[in-house]
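Peer 1: So you can see what is in the structure, the chains are spelled out below.
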Amino acid sequence: MLAKLMSLLLLGIVRFLTGSQARWYGCPPKAEQRIYFANHQSHADMVLIWAALPEELRSITRPIAAKDYWTKTPFRQWITTAVFNAVYVDRQATPARPAAPAAADPTVAQAPAADTDTAAAGGPDPSPEVPPRAPTPEELRAALPESDPLAPLVRALESGDSIVIFPEGTRGHGDEPQAFKSGLFKLAQMFPQVVLVPAWINNVQRVMPKGEVVPVPILCSVTFGTPIQLEAGEERRPFLDRARRAVIALREV
Amino acid sequence: MNQFLRNLTATQQIGALFLVVFGILSIVTVWAFVRNLREHASDDPEAEAQALEAKRFWGLLKTSWVMATVFWVGWVLGETVATVLFAIVGFFALREFITLSPTRRGDHRSLVLAFFVVLPLQFWLVGSKHFDLFTVFIPVYVFLALPVVSALANDPQRFLERNAKLQWGIMVCVYGMSHVPALLLLDFPGYRDKGAFLVFFLVFVVQTCMLVQHLLGRRFPHKPVAPQVSQSFQWTSWLAGVAAGGLAGGLLTFITPFKPGQALGMALLACVAGSLGHLVMKALKRDRGITSWGMQGMSVTGAGGLLDRVDALCFAAPVFFHSARWYFGL
Chain G
1 MLAKLMSLLL LGIVRFLTGS QARWYGCPPK AEQRIYFANH QSHADMVLIW AALPEELRSI
61 TRPIAAKDYW TKTPFRQWIT TAVFNAVYVD RQATPARPAA PAAADPTVAQ APAADTDTAA
121 AGGPDPSPEV PPRAPTPEEL RAALPESDPL APLVRALESG DSIVIFPEGT RGHGDEPQAF
181 KSGLFKLAQM FPQVVLVPAW INNVQRVMPK GEVVPVPILC SVTFGTPIQL EAGEERRPFL
241 DRARRAVIAL REV
Chain X
1 MNQFLRNLTA TQQIGALFLV VFGILSIVTV WAFVRNLREH ASDDPEAEAQ ALEAKRFWGL
61 LKTSWVMATV FWVGWVLGET VATVLFAIVG FFALREFITL SPTRRGDHRS LVLAFFVVLP
121 LQFWLVGSKH FDLFTVFIPV YVFLALPVVS ALANDPQRFL ERNAKLQWGI MVCVYGMSHV
181 PALLLLDFPG YRDKGAFLVF FLVFVVQTCM LVQHLLGRRF PHKPVAPQVS QSFQWTSWLA
241 GVAAGGLAGG LLTFITPFKP GQALGMALLA CVAGSLGHLV MKALKRDRGI TSWGMQGMSV
301 TGAGGLLDRV DALCFAAPVF FHSARWYFGL
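Listed in order, the protein sequences are those of chains G and X.
What the first sequence shows, in my numbering, is residues 1 to 253, in sequence order.
What the second sequence shows, in my numbering, is residues 1 to 330, in sequence order.
Keep in mind that a hint or two might mislead.
As the list claims (entries may be wrong) - SDA-like cross-link-like pairs, simulated, lysine to any residue; straight-line CA separation at most 20 Å: (1) 210(G) / 288(X); (2) 285(X) / 103(X); (3) 285(X) / 253(G); (4) 210(G) / 106(X); (5) 210(G) / 155(X); (6) 210(G) / 105(X); (7) 210(G) / 154(X); (8) 210(G) / 152(X); (9) 72(G) / 56(G); (10) 210(G) / 112(X); (11) 129(X) / 191(X); (12) 285(X) / 252(G).
These are computed hints drawn from the structure, not numbers from a lab.
Given the sequences, and given the hints that come with them, work out the whole structure.
Peer 2: In structure tokens:
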């Protein structure tokens, strides 16, 4: 009840300040399972994309919130869990998987491992001509350790929810988004049936720059683009760059 | 007829005015709806242009309905509510203006001040009839306060430009807009509680002028005065628009405290200020490389941008207000 009221109040405030306009260019607002990936410039990004989605989609879409920031005070924690129904993600990743390049390693390491396993189980004479088979999405999901920062997202997707992620990992400073981290690629591998929708969030950093408390009323919009797909055999880096370009391209429409 | 109208109380007269306005709007809406029912060949380029024109017309009609309803609500609920309504309009207009004027981080505090201190204070000054302070509050005090706040943010890059933009936004959207409800509160002798008529008079003559100018601008062979700024602004259609607005003002004498000649003069003044102000705003838009305020042609108001609709009024209202006060010694 309180959460419902809070969400109405928050929606009112966000609309009053920013208009929170959603512009659907590449795809209609549709209740299918989706991963929205967007540029990240401010903590308010999450709030804006939440407010821009239509009511029906908002209830099935869970934004990703940075754990260190959004659990700092009891109020922030309450608002992210009760109002936004957010998924917490640990930005200070476990020592085993610090940043982008290293983060890819477990997958790479996992792939041959899974391969030899199935090959061994498959029969006594694995022919050397057979190319190394890519692991199936299910295997990838099963292989994900519980401590992995992606684990909560995978659980959310497995339960059928859509999610909103910011693949840059941290808030950008310049005009262009930073290089995407590999989380998006891994999720795309694990959930090939989920639609990947790029989104460009415009102007939010002007509403509330880092370190300010009072927001300024400035019109913001979220532009949703044409969904992209992980092509068969596409490498990690080209895919992430393509995804990033898809997001940047939305700035111009 | 005229005698009958004069014998009504002020409230009844204003009620009758709204009845007329809503009646006209209804008739136009029905006419547009019926016209829209006609079928068009879909691949004909002319039909496409026509459809676009019809869409724009519907947008204009929708704004007119909203504005008329807002006026009506403001009148029914009293002067305070009317002032608050105009404050909200000013707020949204300023939001559009600031959105399209690039600001830097150092401007954040000044923007907060502009939206949440200057704007409410200015409209409060109007509502409490502090007319002397209200006319100088923004040009004198805010003019000093905002740059100080910006300077304290320690960012000299494009300082003059950024401050000028903010100052301009406040002048047009807050200062200009606040003069419209101020008309409601102006006390003409023998004209108590009829301020709503004066607001209607101003809005009506300025809109008539803009509309005539817009329509004639397309009819006449094009010879734009300042093609870089506006493709449609030309002296002939401008003169015709101002004349039409003045004439409308002269015909509406009976709802104003003015004599016919005075009403004509005031209407002409408001039209000149409004239409030229609109041209200035067009130049500002061109500077930003856009054709309308509001976000990429689609704003939250559903119209092409709220500021596009009210900018003429923002320029006409202060001129109208001050010349009326000066001329009648109020």
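Peer 1: Indicate, hint by hint, whether the structure satisfies it.
Peer 2: A quick look at each hint next to the structure:
Proximity of residue 210(G) to residue 288(X) is assessed by CA-CA distance (about 26 Å); at most 20 Å being required, the pair is judged violated. Under the criterion of a C-alpha separation no larger than 20 Å, the hint pairing residue 285(X) with residue 103(X) is consistent with the structure, at around 16 Å. At roughly 19 Å between alpha-carbon atoms, residue 285(X) and residue 253(G) fall within 20 Å of each other, so this suggested pair holds. For the hint linking residue 210(G) to residue 106(X), the alpha-carbon distance of about 12 Å falls within 20 Å, and the restraint holds.
The straight-line distance between the Cα atoms of residue 210(G) and residue 155(X) is roughly 16 Å, inside the 20 Å bound, and the hint therefore holds. Taken as a hint, the residue 210(G) and residue 105(X) pair is honoured in the structure, with Cα atoms around 9 Å apart against an allowance of 20 Å. Taking the CA atoms of residue 210(G) and residue 154(X), the gap is near 16 Å; set against the 20 Å cutoff, the hint holds. Between residue 210(G) and residue 152(X) the alpha-carbon distance is near 17 Å, which keeps this suggested pair within the 20 Å criterion.
Between residue 72(G) and residue 56(G), the direct Cα distance comes to roughly 30 Å. Violation of the 20 Å bound is thereby established for this hinted pair. In summary, the hint linking residue 210(G) to residue 112(X) is supported, as the alpha carbons are separated by about 15 Å, within the 20 Å threshold. Only pairs whose Cα atoms come within 20 Å are accepted, and residue 129(X) paired with residue 191(X) is accepted, the gap being roughly 17 Å. A distance of roughly 18 Å separates the Cα atoms of residue 285(X) and residue 252(G); the hinted pair therefore holds under the 20 Å criterion.
In summary, the numbered hints that this structure violates are 1 and 9.
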